[in-house]
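Undergrad: Given these sequences and hints, build the entire structure.
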Amino acid sequence: MSSSNIDRRDFLRVLGISGAAATLAGCGNTSIESGAELVESYVQPEDFVVPGVGVYYASTCTQCGSGCGIMGRVREGRILKLEGNPQSLISGGKICGLGQAGVQVHYNPDRLTTPMIREAGAFKPVSWDKAMATLTARLGSSSTLSGDQIAVLTGEISGHQKVLLGHFLESFKSANHIVYDALSPAIGQAANKAVLGVEQPVLQIDKARLILSFGNDFLGTGPSPVHMAAQYARFRKAPRGTLIQIEPRMTLTGANADRWYAIKPGTEGVFALGIAHSLLQHQEYAHAVPAEIAEALKQYDKDTVSEVTGIHADAISHIAGMLWEKSPSLVLSGPSAEGHVHGFNNAAAILLLNLVLENRGKTLQGQASHPFPQLTPASGSTTALAKLNQAMSAGQCQALLVMGANPVFTAPTFVPFASNLAKVPFKVAFATQLDETAHQCDLVLPLLSPMEDFGTHVAGYQPSGVELAIQQPLMERLYPETRGLGDILLDLLKQRQPEAYKAFPDYYAYIKTAVTKAKPVFKSKSSDDDFWEDALRNGVLRLEAPPAALEAHAATVKVGKPQALETDVNFPFFFVPSVRADLRDGRHANLPWLQESPDPLTTVVWDSWVEIHPTTAAQMQIREGDILEVQSATGSVRAKAYLFPGIQPDTVSMPLGQGHTGYGRYADGMGVNPFKIFDPMYDERTGELALYATRVIIKKTGEHARVVKDEGATNLQQGRKLVATMAADQAELAKEISRVTQ
Amino acid sequence: MKVRMKNILVWLSLLVLCGTATGEPFVQGGAIGSQTDDGYNALGPVVEQPIEFPHNTHAGQMGINCMYCHTYARRSAVSGIPRLDKCMGCHKLIESVKDKPRIKKLFEYWEKKEPIPWKKVHDLPDFVRFNHERHIQRFYFREDRPVREVCGYCHGDVASMTTARRVKALSMGWCVSCHQKDHLENAATTKTSNGPNDCWQCHK
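Line order of the protein sequences matches chains A and B. My numbering puts the first residue of the first sequence at 31, with every later residue one more than the last. My numbering puts the first residue of the second sequence at 21, with every later residue one more than the last.
Just to be clear, a hint being listed does not mean it is correct.
Unchecked claim - In silico DSS-like links for lysine-lysine, alpha-carbon gap of 27 Å or less:
1. B/K139 - B/K112
2. A/K111 - B/K224
3. A/K294 - A/K328
4. B/K112 - B/K133
5. A/K124 - B/K133
6. A/K706 - A/K739
To be verified - Pairwise CB distance ranges (calculated):
7. A/F444 - B/R149: 44 to 50 Å
8. A/A578 - B/R162: 58 to 64 Å
9. A/W623 - B/P137: 31 to 37 Å
10. A/L110 - B/T182: 50 to 56 Å
As the list claims (entries may be wrong) - A short list of chain A residues far from chain B (calculated; beta carbon distances all over 10 Å):
11. S64
12. A66
13. E67
14. Q74
15. V104
16. L110
17. H136
18. Q470
19. K549
20. D560
21. K588
22. P675
23. I728
Rather than coming from a laboratory, the hints here were simulated on the basis of the structure. Because the structure is a prediction, the values reported are computed rather than measured. The beta-carbon is built from N, C-alpha and C at its ideal position, and this holds for glycine as well.
TA: Structure (structure tokens):
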């Protein structure tokens, strides 16, 4: 009998029955394997270590600059999950999705495990001794570099790492600490400084009855999203506060608003002055601004403003009425209002509304003065990078140290950072993982992950009093050949100034000494060791301090003639990049949890897309998934179309953060990088890059691909009216406020 | 010829099916002759350990409570293996057995500060979540039953063995058979209750 006697159908039938039998047998304990696994025990564990039971340690989140206190759940010596630390007023015991993904920085399979040196064009793993020898040969005690010959490029950095970096540069008689932030809030900060006298006022969202926000995404990408989300929750409790959002492309905050207006990008200042003009008609506001401003504001009648901004004329008196009714209010300017040639003026005009409405001291306050100004963060800007780029281009820079910044990825094409970087003879990257910039360096030093290192952090946005946040390891280092940035800096300083640093065997000893020295400021009576232990246990040192007063400089607001936007026949669309709360400027694209979490507005995952208004798409006969070429004067990218009603019809938008080419397996090849199509537009006042001022043209390529998203049906809300909405123009004012109709 | 072949195959598979589909596989299936003391053909293999630890001396002759060494069992889902300094806490002071080969080995591990690579004897599939703490708290602390009996429900009479060997089936039907029994709620009452019957209690 040969097997050919059984036909296929018989074979499958028999297979089906015996397969079922095998499956049933498998329901027993066939996977119990006595003696197959080791159950190693502890030799001498701490008393509180119980296998299977998690222990929480306090630390500080380093995913963004908010400085949230976190707690890490550690079990069997491994960090499993992060939570908020209730001792921290900034986080209030809560944590965001970006913070949750912090464990993936630590466990990332693309992490660097040994130092590497570039030899014949390729990286070669070397020992720490060799790496440090290479480093100290250039930057040790025998180094002849000084002044502008050496530069340190970082992202936002605070605490004692910043202090050590400063001392390191001082030892070269240099102050070249370049802080680069591709999404820098510098324009808004400059306007705050000019109008209110401080760079970053404290927003008391929960005290406001109405928030008028011009593109400020305080729930998603603001200076302290976790803290502000908690405040926002209180703001929405009875009596429910009203949120009005005005922006060209809907942000996460915009999606939460009661009223959302699509505005032509860059005309936010005109709209704000239109509201100011409308408010000044009321007797109680008539003397709120200097007479010449009041006079100039007369040009901002509602029809002119409506024509410039593209928002219905009635909306202006409508919003002014609501502002009048619901006091105190809070008026916020955001990146999409500030990233323009007149960005500073826009922000100043928006802030003027706060002065008219007398929100100072009610919903806007100054930050408490900081007892340790040397620890406060050096906030980043794009002008700093331009300066470094020039120095590199001129061949001034002989050695460059890079950490926490990736300008090869984020610098626009007209800042040829990558090619100028090649002119620097010695480039060192300090990183947990290779990125596009580290790939071009000569020496790469693998850092401990934030879950393995000690540190101190001070948030740039301190909601109340002052917090000094302590970071401590949540587990032993995964890779023996990694080291902390503080330890490396200390080693270099010991080479250069042995006397000053010989008392500190490591960075831990340094920050312990420094923090315990600050004991009198925190009015503690405990011993040094107890004070330090308490600081580690609580994860934060708090100092209550009264808020500072804000100044009022209404006269600094320039009120010119309302100018309509010029049309550009070659590039008819406004290009508004969107900043995702998770990927930010692309630094978190290596974390798969963030790649796979759907974008809150579109639900798209693992990709880039082009948002276009459905009406515009219909006119151009574009369907979802059509591959579009978005071309500006400087470059072009291609991505799938996504029809999105939350956008101004003459505007297209693309998310930033994707399009990596050298940032590990989870980031590379996902989407495209819109940083590379920005036009060279700068804010007139600050010289900062104007990120929202690019104009583009949309070309259909004829190709089509499916948009990978969680949304399901393409029609909004599954074809059901799950959340009732109406056009803002149709809303009746009388139903929203009472005072006006009396 | 073709028909006969087909019939044989179908009957063969049905036979296999009958043997396993009636419920608990190890009552009728399993290795023949490997019978556990409660009637399952599921006796575990003898597992050779790095040190032949004599449970019979410690728990049997000396009468040491199981939880003196297995201290995590009442506190955690896993009972864990005793920490090495636990062994040393006593054996540093017991001069009479210091020269025995097993104790010498123990001291070697201690001096190297290396954990002893014990092999796991009582294993469960990864999709089963068993909680030691719940069972110990219920039967030992609330019902006040003897510790050898309580641990023995799943581990057998380890106090009569040297190194442990699996003598219970630890299969789902075996677990359920105990969960279906009426157990006293505590030592002071005659009120009874059963173990949970929800899938998610163990499969989560």
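Undergrad: Give a verdict on every hint.
TA: Checked hints:
The suggested pairing of B/K139 with B/K112 holds, with an alpha-carbon distance near 25 Å, which does not exceed 27 Å. For a cut-off of 27 Å, the pair hint linking A/K111 to B/K224 stands: about 18 Å separates their Cα positions. Straight-line distance between C-alpha atoms of A/K294 and A/K328 comes to about 22 Å, which keeps the hinted pair within the 27 Å bound. Distance restraint check for B/K112 and B/K133: the Cα-Cα separation of roughly 15 Å lies within the 27 Å cut-off, and the hinted pair is therefore satisfied.
Distance restraint check for A/K124 and B/K133: the Cα-Cα separation of roughly 40 Å exceeds the 27 Å cut-off, and the hinted pair is therefore not satisfied. For the hint pairing A/K706 with A/K739, the CA-to-CA distance comes to about 25 Å; that is within 27 Å, so the pair holds. Between A/F444 and B/R149 the CB atoms are about 58 Å apart, so this pair departs from the stated range of 44 to 50 Å. At roughly 60 Å, the beta carbons of A/A578 and B/R162 sit within the given window of 58 to 64 Å.
Under the hint 31 to 37 Å, the C-beta atoms of A/W623 and B/P137, about 34 Å apart, fit the expected range. In this structure the supplied range 50 to 56 Å is violated for A/L110 paired with B/T182, their Cβ-Cβ distance being about 36 Å. Against chain B, the non-interface label of A/S64 is violated: not every CB pair exceeds 10 Å, the least being about 4 Å. With a minimum CB-CB distance of about 7 Å to chain B, A/A66 fails to clear the 10 Å threshold, and the non-interface call is violated.
Not every CB of chain B is more than 10 Å from the CB of A/E67 (nearest about 4 Å), against its label as outside the interface. Non-interface status of A/Q74 relative to chain B is broken: a Cβ of that chain comes within 10 Å, the nearest being about 5 Å off. Annotated as non-interface, A/V104 keeps its C-beta farther than 10 Å from every C-beta of chain B; the closest such distance is 14 Å. Once the 10 Å rule is applied to beta carbons, A/L110 is consistent with being away from chain B; the minimum gap is 14 Å.
Every CB of chain B lies more than 10 Å from the CB of A/H136, the least distance being 23 Å, so the non-interface label holds. The beta carbon of A/Q470 sits about 44 Å from the closest Cβ of chain B, which is more than 10 Å, so the claim that it is off the interface holds. Every CB of chain B lies more than 10 Å from the CB of A/K549, the least distance being 36 Å, so the non-interface label holds. Interface exclusion of A/D560 from chain B stands, the closest Cβ pair being 27 Å apart, more than 10 Å.
Distance check on A/K588: its Cβ is at least 63 Å (rounded) from any Cβ of chain B, clearing the 10 Å threshold; non-interface status holds. With a least CB separation of 41 Å from chain B, A/P675 remains clear of the 10 Å interface cut-off, as annotated. Non-interface status of A/I728 relative to chain B is upheld: no Cβ of that chain comes within 10 Å, the nearest being about 50 Å off.
Of the numbered hints stated above, those contradicted by the structure are hints 5, 7, 10, 11, 12, 13, 14, listed in ascending order.
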